[in-house]
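Could you put together the complete structure from these sequences and hints?
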Amino acid sequence: MSKETNLSVQHAEPAGRQRAERRTWVVFAAVFCLAGFLLMFRLGERSLRNPDEGRYAEIAREVLQSGDWVKPTLYGVGYFRKPVLFYWLVAASFKTLGASEFSARLVPALFGLFGVVSAFFFCRRFFGRETAIFASAMLATNFWYLQIARYLVIDAVFSFFVVGALLCFYLSYSPGPANGRWFAASCFLLGLAFMTKGFLALVLVVAPVGLYLLMTGSLAKEFRPGRLLTGALVFFCVAVPWYWMMELREPGFVLYFLGHENFKRFVSREYEHQEPWFYYLIVLPLTLLPWSLYLRPLREAFSDMRREERRDPRLFLVTAALTMLLFFSLSSSKLPTYIVPCVPLLLMVFAEGWRRWTAQAPRLGRGEMAAVSLAVLAGILTMIGGSWVVTRHPQKFTPRLAADLQILGGGVLAGAVFCLRSLKRGSSNRFFYALVFSMAALSLLFTPLIEHMNDAYTTKPFAEYLKKNLTPTDEVFIYDYPGPFYDFSFYLQRDVRMVGLEGEFKHFEDREAAGVSVPKEQFLDWLRQKKSLYCLIRRSDFQDLDPVLREGLLILRQDSRKVLFKT
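In the numbering used here, the protein residues as written are 223 to 789.
Possibly wrong hints are sitting among the right ones.
No more than 35 Å apart at the CA atoms, straight line, and that leaves these computed lysine-lysine pairs for DSBU-like [claimed, not checked]:
id	residue 1	residue 2
1	Lys293	Lys682
2	Lys304	Lys682
3	Lys788	Lys317
4	Lys556	Lys317
5	Lys753	Lys293
6	Lys742	Lys788
7	Lys690	Lys293
8	Lys689	Lys317
9	Lys556	Lys742
10	Lys788	Lys682
11	Lys753	Lys682
12	Lys293	Lys742
Simulated from the structure, these hints should not be mistaken for lab results. Fair warning: this is a prediction, and the values are worked out from it, not measured in the lab.
Written as structure tokens, this is what we have:
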């Protein structure tokens with residue numbers, strides 16, 4: 223080869239890398255914009271859904287109203303089931319943008335977007351540019367991940383902190399001059415996770431890290447005394463001050479939070495959300511759709527993953543996800559939102575499998591055809607079966623829901639046909655992006671369905687009706703179990719008193735509820751005496767009132783679940 227040829231090859235290689243790098247950033251920018259659009263699309267159009275969204279919005283509103291950023295309260299009663307960081311974030315959003323559905327949900331939506339970015343950068347470093355694009359695109363359009371991040375619950379924020387702590391630890395575990403700073407960052411994020419959901423954060427981060435280091439024989443090497451001391455100092459500086467201040471103000475808080483809200487909920491069957499041990503073995507594959515259906519890329523994702531290969535990040539990601547899955551399977555209380563951190567961890571592994579599979583330029587075959595055929599069947603069943611169920615139960619569902627299901631089923635069917643066309647063209651890369659865009663379209667079509675299913679789970683119409691007639695001296699009550707009414711005070715933008723201490727409040731002492739609750743007997747006496755007041759009550763509780771009492775009440779507004787009346 224001549225000298226001129228050598229020079230041309232040397233110049234061509236950097237130029238090719240630069241073009242590939244520019245293409246990576248352009249595609250990632252498109253994925254980032256798509257993720258932002260899917261997360262923010264009509265984010266504030268739907269009213270808050272009780273109990274979860276109403277609860278967290280009201281706690282954040284009370285933080286701002288009281289100016290007390292230490293002790294969270296719900297309807298004026300101390301609420302100690304979760305730490306305070308999530309309420310701080312939502313309250314800060316309210317203070318910046320005003321109290322609204324959009325500003326409330328903006329917090330989990332932003333952290334969902336941060337998760338997409340972190341998946342890209344982690345995969346770019348350890349797997350390469352193409353896997354990074356695949357991972358970010360898969361996570362940005364994952365149906366379950368998007369819905370959780372568009373909902374005012376803690377899980378999207380907590381998931382980001384937990385997964386971030388794990389990824390930063392792996393970065394500190396890898397050779398490099400900055401590994402000490404990555405370990406400090408891991409401990410910092412662990413502290414934030416601890417401030418978001420408490421002791422669960424330690425289990426979901428420390429247990430997978432410890433198990434991975436044991437498996438790879440690195441435990442003694444990685445946990446050096448100096449490094450542990452630095453990490454512990456960072457963690458305690460972030461996590462301990464608020465717990466310490468709460469213990470000073472509410473003696474016994476730490477013991478109550480650790481014993482009742484963590485350990486007892488893990489082992490006891492007295493609480494809600496009881497499910498069998500295999501619950502997550504069914505739920506997890508569903509949360510990873512459609513990628514969990516394609517067996518050949520899955521096989522590539524887990525191939526050649528050996529325990530002795532210490533620097534294989536797939537082993538770390540899978541170990542972390544399976545450790546979480548085992549822990550939650552052992553718990554007595556289960557919800558599908560608990561395993562949100564498993565989704566980005568496993569999708570990064572799946573993305574590497576798709577990268578390997580597409581690099582082989584495989585011929586698309588019967589396996590891919592079968593998976594897409596399932597989507598065709600799901601679309602048809604949603605269009606026909608969903609509408610049939612709605613029309614058979616008009617007392618439970620509105621005709622509008624039937625139309626929404628037909629549109630959603632049609633979208634699933636159209637997406638499946640789009641994927642079938644890409645199958646015929648024989649390009650695995652094209653097929654991947656057909657799946658991505660189909661999932662994005664499905665998420666958009668799902669948005670109005672959720673909005674229309676929410677009418678019975680919000681008090682917004684009742685609050686807006688009542689605000690027109692309220693004076694500053696009027697007394698407003700919610701009767702008995704407040705879960706269906708948590709957003710009532712938020713929408714009224716004023717304090718509302720409870721009748722009795724039911725639901726989450728029933729274990730609190732009377733002194734805790736002084737001024738925010740009245741005994742049920744006293745309230746019923748007020749109704750007999752025709753004391754001027756407004757009350758929002760569940761329809762079933764209203765029907766259980768003494769018929770003589772009901773006759774003297776003026777019903778202002780009602781729906782299938784709630785009644786608003788005045789004396």
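Do the hints match the structure? See the list:
1. Lys293 with Lys682: Roughly 27 Å between the alpha carbons, so the hint for lysine 293 and lysine 682 holds.
2. Lys304 with Lys682: Distance ~25 Å between lysine 304 and lysine 682 Cα, so the pair holds.
3. Lys788 with Lys317: holds (33 Å)
4. Lys556 with Lys317: holds (34 Å)
5. Lys753 with Lys293: Holds. Lysine 753 to lysine 293 sits at ~33 Å (cutoff 35 Å).
6. Lys742 with Lys788: holds (16 Å)
7. Lys690 with Lys293: holds (32 Å)
8. Lys689 with Lys317: holds (22 Å)
9. Lys556 with Lys742: holds (33 Å)
10. Lys788 with Lys682: Holds, at roughly 18 Å.
11. Lys753 with Lys682: Distance of about 25 Å is within 35 Å: holds.
12. Lys293 with Lys742: holds (27 Å)
Every hint from the earlier list agrees with this structure, and none is contradicted.
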